[in-house]
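Student: I would like the entire structure built from these sequences, with the hints used as guidance.
4 protein chains.
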Amino acid sequence: MTQRTYRFQVQVYYEDTDHSGVVYHANYLKYFERAREGVISPDALVALWKKKGLGFAVYKANVSFLDGAEFGDTLDIISTVRKDSDYRLVWQQEAWRPGAAKAAVQAEIHLVCVDRAKNLKPIPDVGLDFG
Amino acid sequence: MTQRTYRFQVQVYYEDTDHSGVVYHANYLKYFERAREGVISPDALVALWKKKGLGFAVYKANVSFLDGAEFGDTLDIISTVRKDSDYRLVWQQEAWRPGAAKAAVQAEIHLVCVDRAKNLKPIPDVGLDFG
Amino acid sequence: MTQRTYRFQVQVYYEDTDHSGVVYHANYLKYFERAREGVISPDALVALWKKKGLGFAVYKANVSFLDGAEFGDTLDIISTVRKDSDYRLVWQQEAWRPGAAKAAVQAEIHLVCVDRAKNLKPIPDVGLDFG
Amino acid sequence: MTQRTYRFQVQVYYEDTDHSGVVYHANYLKYFERAREGVISPDALVALWKKKGLGFAVYKANVSFLDGAEFGDTLDIISTVRKDSDYRLVWQQEAWRPGAAKAAVQAEIHLVCVDRAKNLKPIPDVGLDFG
Numbered sequence: 216m217t218q219r220t221y222r223f224q225v226q227v228y229y230e231d232t233d234h235s236g237v238v239y240h241a242n243y244l245k246y247f248e249r250a251r252e253g254v255i256s257p258d259a260l261v262a263l264w265k266k267k268g269l270g271f272a273v274y275k276a277n278v279s280f281l282d283g284a285e286f287g288d289t290l291d292i293i294s295t296v297r298k299d300s301d302y303r304l305v306w307q308q309e310a311w312r313p314g315a316a317k318a319a320v321q322a323e324i325h326l327v328c329v330d331r332a333k334n335l336k337p338i339p340d341v342g343l344d345f346g
Numbered sequence: 216m217t218q219r220t221y222r223f224q225v226q227v228y229y230e231d232t233d234h235s236g237v238v239y240h241a242n243y244l245k246y247f248e249r250a251r252e253g254v255i256s257p258d259a260l261v262a263l264w265k266k267k268g269l270g271f272a273v274y275k276a277n278v279s280f281l282d283g284a285e286f287g288d289t290l291d292i293i294s295t296v297r298k299d300s301d302y303r304l305v306w307q308q309e310a311w312r313p314g315a316a317k318a319a320v321q322a323e324i325h326l327v328c329v330d331r332a333k334n335l336k337p338i339p340d341v342g343l344d345f346g
Numbered sequence: 216m217t218q219r220t221y222r223f224q225v226q227v228y229y230e231d232t233d234h235s236g237v238v239y240h241a242n243y244l245k246y247f248e249r250a251r252e253g254v255i256s257p258d259a260l261v262a263l264w265k266k267k268g269l270g271f272a273v274y275k276a277n278v279s280f281l282d283g284a285e286f287g288d289t290l291d292i293i294s295t296v297r298k299d300s301d302y303r304l305v306w307q308q309e310a311w312r313p314g315a316a317k318a319a320v321q322a323e324i325h326l327v328c329v330d331r332a333k334n335l336k337p338i339p340d341v342g343l344d345f346g
Numbered sequence: 216m217t218q219r220t221y222r223f224q225v226q227v228y229y230e231d232t233d234h235s236g237v238v239y240h241a242n243y244l245k246y247f248e249r250a251r252e253g254v255i256s257p258d259a260l261v262a263l264w265k266k267k268g269l270g271f272a273v274y275k276a277n278v279s280f281l282d283g284a285e286f287g288d289t290l291d292i293i294s295t296v297r298k299d300s301d302y303r304l305v306w307q308q309e310a311w312r313p314g315a316a317k318a319a320v321q322a323e324i325h326l327v328c329v330d331r332a333k334n335l336k337p338i339p340d341v342g343l344d345f346g
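Top to bottom, those sequences are chains A, B, C and D.
For what it's worth, my numbering labels the leading residue of the first sequence as 216, then goes sequentially.
For what it's worth, my numbering labels the leading residue of the second sequence as 216, then goes sequentially.
For what it's worth, my numbering labels the leading residue of the third sequence as 216, then goes sequentially.
For what it's worth, my numbering labels the leading residue of the fourth sequence as 216, then goes sequentially.
No false leads were mixed into what you were given.
Straight-line Cα separation of at most 30 Å, BS3-like style, residue types lysine-lysine; simulated pairs:
#	chain 1	residue 1	chain 2	residue 2
1	D	K317	B	K266
2	B	K317	C	K275
3	C	K298	B	K275
4	A	K266	B	K333
5	A	K265	B	K265
6	A	K267	B	K267
7	A	K266	A	K333
8	D	K317	A	K298
9	C	K333	C	K266
10	A	K336	A	K265
11	A	K266	B	K266
12	A	K298	A	K317
13	B	K298	B	K317
14	D	K275	D	K333
15	D	K317	B	K265
16	A	K317	D	K275
17	A	K336	B	K266
18	D	K298	A	K275
19	B	K333	A	K265
20	C	K336	C	K275
21	B	K333	B	K275
22	A	K266	B	K336
23	B	K265	B	K298
24	C	K267	D	K266
25	B	K275	B	K298
26	D	K317	A	K275
27	D	K266	C	K266
28	C	K298	C	K267
29	D	K333	D	K266
30	D	K275	D	K298
31	A	K333	B	K333
32	B	K317	C	K333
33	B	K267	B	K336
34	C	K333	D	K333
35	B	K298	B	K267
36	C	K317	B	K336
Quick caveat, the hints were computed from the structure, so don't treat them as lab data.
Tutor: Pasting the structure below:
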């Protein structure tokens with residue numbers, strides 16, 4: 216039984232870099248979220264929010280920054296996800312630069328589900344494939 | 216009768232710059248909004264939103280970028296505001312680098328007031344001094 | 216003789232919205248730049264920077280915000296560009312929400328070309344079609 | 216022998232929130248960096264970069280998001296720092312909402328020092344008080 220691996224691409228734009236010449240570290244969290252939203256689909260997330268008042272929130276993020284992506288890079292965001300409990304999704308996510316031998320950034324991101332009043336709710340079914 | 220001039224300082228951080236070495240152009244719009252929020256006061260804006268369901272929205276922004284601010288700069292944001300009609304505030308805002316002879320960025324920003332459903336509402340009294 | 220119209224899509228993510236529920240106004244400037252970079256191609260821009268030390272800089276941005284895009288929207292960014300002089304490109308850019316009858320945001324963006332020392336340089340040939 | 220505790224305040228602006236009504240999670244990394252830059256001083260960081268070609272880079276960030284800050288909050292960023300080796304600073308940082316009984320966000324941030332070519336360099340003396 217193997218986990219499904221999801222692939223998503225992000226383009227590094229001017230807005231993402233800082234004056235040191237590489238992507239500003241906080242922006243990888245944005246890339247990882249775009250990838251998760253791409254996996255689940257924006258439409259499913261919009262429906263979840265509008266119909267049920269539910270959204271995902273990042274509860275924990277452990278991130279290692281090993282290499283710096285540059286303007287013009289197309290990054291591969293590689294993601295797997297498991298359901299750690301009824302209340303928590305754990306994503307393993309990596310950002311890869313073109314042709315790289317190892318990931319530039321590695322992250323473990325824990326998500327919970329909350330309603331509009333920020334109360335914890337069980338993880339809803341959004342079609343994720345847990346293997 | 217003279218307009219009141221408001222002064223507000225912003226610090227340029229790593230996050231604000233891009234790989235060309237200067238502040239990313241869109242971030243001046245953030246600086247100008249921070250300055251407007253500083254002038255009106257966050258507390259007044261929070262009260263307006265929570266009690267009356269009203270918020271300001273940018274309707275038009277005409278911005279000239281004349282010089283590039285760098286990491287470490289403390290910028291002076293100089294603002295004046297006039298009420299153009301019952302439904303529109305017009306801000307003149309400039310960002311000045313330390314010791315500069317002219318503004319780095321100049322902007323005219325038009326604000327309207329909208330309710331939660333995005334309907335246009337008359338500009339509420341938030342204590343602005345129109346001179 | 217007609218100008219070429221360029222089309223580019225951007226997805227609205229959580230990161231783009233603010234607590235009023237719609238896209239934060241400054242982020243449209245990011246969308247428009249992503250579209251311009253998409254039109255010219257990141258590779259061409261990287262080569263221009265690395266080989267010739269040249270980059271484009273926004274000199275003027277006149278933006279009208281007519282409607283608010285929401286999380287989950289896929290926006291069409293419609294762009295045309297003309298060369299106003301040897302030293303200036305003028306882009307007309309619009310952001311359209313799905314199925315909308317009019318543009319949500321309209322902008323005229325003036326670009327100049329600068330070297331690493333921020334000196335003005337003639338607009339280089341980057342394969343734009345001026346019609 | 217006790218570590219020095221540094222305090223720094225950040226104001227939550229519109230730009231920091233997302234459509235769920237609270238601060239977008241990646242922005243706490245920006246707040247923590249602003250606090251670190253405030254502790255070290257922007258002038259010292261600019262001098263380090265311009266004179267020695269050195270800068271700090273985030274190598275690891277472990278962040279727990281326990282509560283959501285809202286627009287209008289003035290957050291206290293509480294920081295301590297230790298030198299873990301000649302090549303690594305470890306910051307413990309927390310973001311506190313006004314009047315809160317516990318931190319909203321807790322982080323351990325590992326910094327390294329790199330030159331312009333991204334080679335690892337020993338941590339330079341920037342006046343930090345390690346207790």
